[in-house]
Amino acid sequence: MKKVALILFFSFLYSSPVFAQELYVKSIKAKILDRPSLRSKVLNVLPRGTKVMEVYREGKWVKIAARGTVGWVSKYLVSKKPPMKRVSLLARGKSLRKTSRRRASAFTSVAAARGLTDYDRARAGRKGYVVDFAALDKIDSIEIDEAAALKFIEKGVSK
Amino acid sequence: MSRQFLNVSVSLSLVLSLFFSVNAVADENHYKNLLIGERPAGMAGAYTAVSDSPEGAFYNPAGLVYSVGKSLSVSVNAYNNSRTTYDGVVGGSDWTRNSSTLVPNYFGIVQPWGKGKIAFSYAVPDVVEEDQNQEFTNFSTSSGSIKSFNINLSEVDKTYKFGPSYAQKINDSLSIGGTLYIHYRQVKRIVNQYVYYQTSNYEWNNLNYKSTEYGIEPKLGVMWSPADKISLGLTLSKNTIFSSHSREQSTENKSATPTKNETVVRTSDDDRKFPLTASLGAAWFASESFLLTCDFDYFAEVSSENRASVVNFALGSEYYSSEEYAWRAGFYTNMANTPEVDSGGMNQQDNIDLYGITASVTRFTRSSAMTFGVNYASGSGDAQPISNSTSIFDASTESFTMYVSGSFSY
Amino acid sequence: MNSLKFISLALALMMFVSCAASPANVTDDPVKEVRKRSSQKAMEISHGDVEAEIQFGRELAARILGKYRLYDNDTANRYVNVIGKGLSTFSPRPELEFKFGILNTDMINAFASPGGYIFITKGTLEIIENEAQLAGVLAHEIAHITERHIVRELDIKGRDDSAAAGFAAMLGGGTSETIRSVFTQIVDKASKILFEDGLKFSDEIDSDALSVMMISNAGYNPLAYKKLLEDIAKKKGAKYKKNKKILSDTHPSFKDRIKAINKIIAEEGLNELDYANVKSRYKKYIKL
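Chains as they are written, first to last, in the numbering used here: chain A, 1 to 159; chain B, 160 to 569; chain C, 570 to 857.
Calculated from the structure, these hints are not laboratory results. For every residue, glycine included, the Cβ atom is placed at its ideal position computed from N, Cα and C. Do not take every clue at face value.
Residues of chain C placed beyond 10 Å of chain A at every Cβ, according to the derived structure [stated by the list, open to error]:
#, residue
1, Thr674
2, Glu695
3, Ala829
Computed cross-link-like contacts, PhoX-like style, restricted to lysine-lysine with a CA-CA straight-line distance of at most 20 Å [stated by the list, open to error]:
#, chain 1, residue 1, chain 2, residue 2
4, B, Lys388, C, Lys601
5, C, Lys691, A, Lys138
6, A, Lys51, A, Lys31
7, A, Lys51, A, Lys85
8, A, Lys80, C, Lys605
9, C, Lys601, A, Lys80
10, C, Lys832, A, Lys60
11, C, Lys605, B, Lys328
12, B, Lys388, A, Lys80
13, A, Lys80, C, Lys610
Here chain A stands alone, though its shape is the one from the complex:
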């Protein structure tokens, strides 16, 4: 009887999430809902990077299981791959030296990109189009914290 129970236990284990698709939360946070509809009750809110198990897919919604909750999440907020780290051409240094051959060109190009204005002004004269890297730099300099921005939106919509 013990043997039977053991086999049944392992068979349950094997037939369950071990083979199911793993997904990761990609948005800063994802609401897990009762039903595949924005009108349904919020069961839980999961932070970015949380690993969840896909149970079923229907239209724009995915039924998932995570942290004891089984519910629905918008398919746009989860993905099969864990969230990639922020890629910034400026945040290099250590990683650059490690994979120097492959990255070096991109690095030197950033340094040059910022100084392209002069060259491109000259180019504009010849080709007839204009580029404005100074304005681009101004846009780049606007630093906004993601979480703060999200809070700002939440404050606005909750009134």
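Mind docking chains B and C on chain A? Use the hints.
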């Protein structure tokens, strides 16, 4: 006249029943001598249900439809060292035959073509390069006391397969494919044996053998995904020789009749017969980093060649420790296709069953991969290395292969 | 012993059945997807690809800014960045840093450049009545980037030996005139797509759908975005004639777009959501 008969008949013409019948080392008597392909070799050649790379042309062409990327090419260079030892054959001493070869043993390229994929590949599934010089001194035989017995042997025996493949999907879970190989084998062998008696009598035998054979080997493959992450593959093939020619020239001279040089030339155009081969494979793509697969290969018996049916089994696994490194390991059998050695019989073929283990590691970059791998196979069994003798000796074989390969996508 | 055999068989069968029952991968070729190994998946979208995309996106963004110029209003620009950044947290591309800018033109339009640069015109902000509508426009552009519509069209990838790697090398100091001209040609092509031909119409419809879902997820009233499209469609007069022609050349007709949006609203029951428009805060920050 069969080729085996040629070797025996040479020995028969001599008085001394000491001469060895020289057959190829672990060659015709086994079907899985050199493992083919960068990825399959590390997985003990269990690839029938995987085959989603250029090596698929050799194992199961139906898998080619699942190769990733636009074009792919794979090239393998293998070094092999094989040794067969016959215990206590000559005056209590062992007779060892050794083969050492370095050969590019697979090349394959696959590309989309119309609705399916087309491939071209070249494989060397069997290679023997033997150089042997051995001297046995001071021992007795039924024909007299021997002061020294020298045997020099030089042999190159290569089998090539090359040809195109095509594969197409039937539906989402089923695909078929076919490979058409041209089979080419060339054997060149020189054997020199010299016996010097205590009485100062001598006997000398020189043999020069050359043979070529051409064949056509179509392979038909099917790949089926019955369930998520499971793949089943089936390949059927048969090699048919359409042209062969072998020539053996032997010369002998005995001190008893010093002025008599007996030269015998024998030729044969008999085509070797190959068995129908069926391979059934199953693979479990457990995750993007782990793959488990097994193969059963069945070779039908060929009674005209005195070959028994063979079933070989292989189990292979592949594990990606990161996106850049993959590790493979496997186990396989390479059973003898010769019948059991019966007591009372003479001139029977070696019967040695081999078991092998494999391991390899691959390093990936964006568009290329490099692999280093090793295979080791060994086994023991019975042999009758001395012609026209009912004596049965223990024999063992060891084979070690090391390979480096590269694949590129472009 | 027999019962053990039976159970083993049942176990094996259960494994197969559960495998079959587990949700199939949502791709064109599920069998091929399952066979993909770690090394192959890594090659799909890599760090190098994203770098190439950002490099390219900067060059294109600079052209957009060169053509229309940045609107000099720090408050408005910052506000648009906050809303945009907040919306981007719902996008499945956390590896990108989204930046937003207001273009100094009365034209009604918005542009997305690969790598995360998004522009909205002053003219559009004038027609927009509330934050929900602004969110709709920004979300539509964010969707173009998260779905890689432009990079896919131009096949921009960070391969070692590809043109994209050549971009980086060339941007870094110009290795040869030929590489530079190849890069320039590709940026020219992208500019043409943005300003003249437009992306595939299906991409536009998809972006509208994603926008509606994204702003709903954020808590905004999705019907507000639909109203904005209806308002723009209704605009008459010489002032808007040229503008509307550009819009209709580069996008599907407003009629088709609104029809597609209605379909999603019906499918997801978005009609019954009582979500916010956020009007007064918009009026507070956008004073043109």
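Against the structure, the hints come out as follows:
Against the 10 Å criterion, Thr674(C) stays outside the reach of chain A, whose nearest CB is about 13 Å from its own CB. With a minimum CB-CB distance of about 20 Å to chain A, Glu695(C) clears the 10 Å threshold, and the non-interface call stands. Ala829(C), annotated as away from the interface, keeps every beta carbon of chain A farther than 10 Å; the closest lies near 14 Å. Taken as a hint, the Lys388(B) and Lys601(C) pair is honoured in the structure, with Cα atoms around 10 Å apart against an allowance of 20 Å.
Annotation: proposed proximity of Lys691(C) to Lys138(A) holds, straight-line Cα distance about 17 Å (limit 20 Å). Straight-line distance between C-alpha atoms of Lys51(A) and Lys31(A) comes to about 14 Å, which keeps the hinted pair within the 20 Å bound. The straight-line distance between the Cα atoms of Lys51(A) and Lys85(A) is roughly 16 Å, inside the 20 Å bound, and the hint therefore holds. The hinted pair formed by Lys80(A) and Lys605(C) meets the criterion: a straight-line CA distance of about 13 Å does not exceed 20 Å.
Taking the CA atoms of Lys601(C) and Lys80(A), the gap is near 16 Å; set against the 20 Å cutoff, the hint holds. Annotation: proposed proximity of Lys832(C) to Lys60(A) holds, straight-line Cα distance about 13 Å (limit 20 Å). Among the hinted pairs, Lys605(C) with Lys328(B) is consistent with the structure: their alpha-carbon atoms are about 17 Å apart, no more than 20 Å. Among the hinted pairs, Lys388(B) with Lys80(A) is consistent with the structure: their alpha-carbon atoms are about 16 Å apart, no more than 20 Å.
Annotation: proposed proximity of Lys80(A) to Lys610(C) holds, straight-line Cα distance about 11 Å (limit 20 Å).
Of the numbered hints stated above, none is contradicted by the structure.
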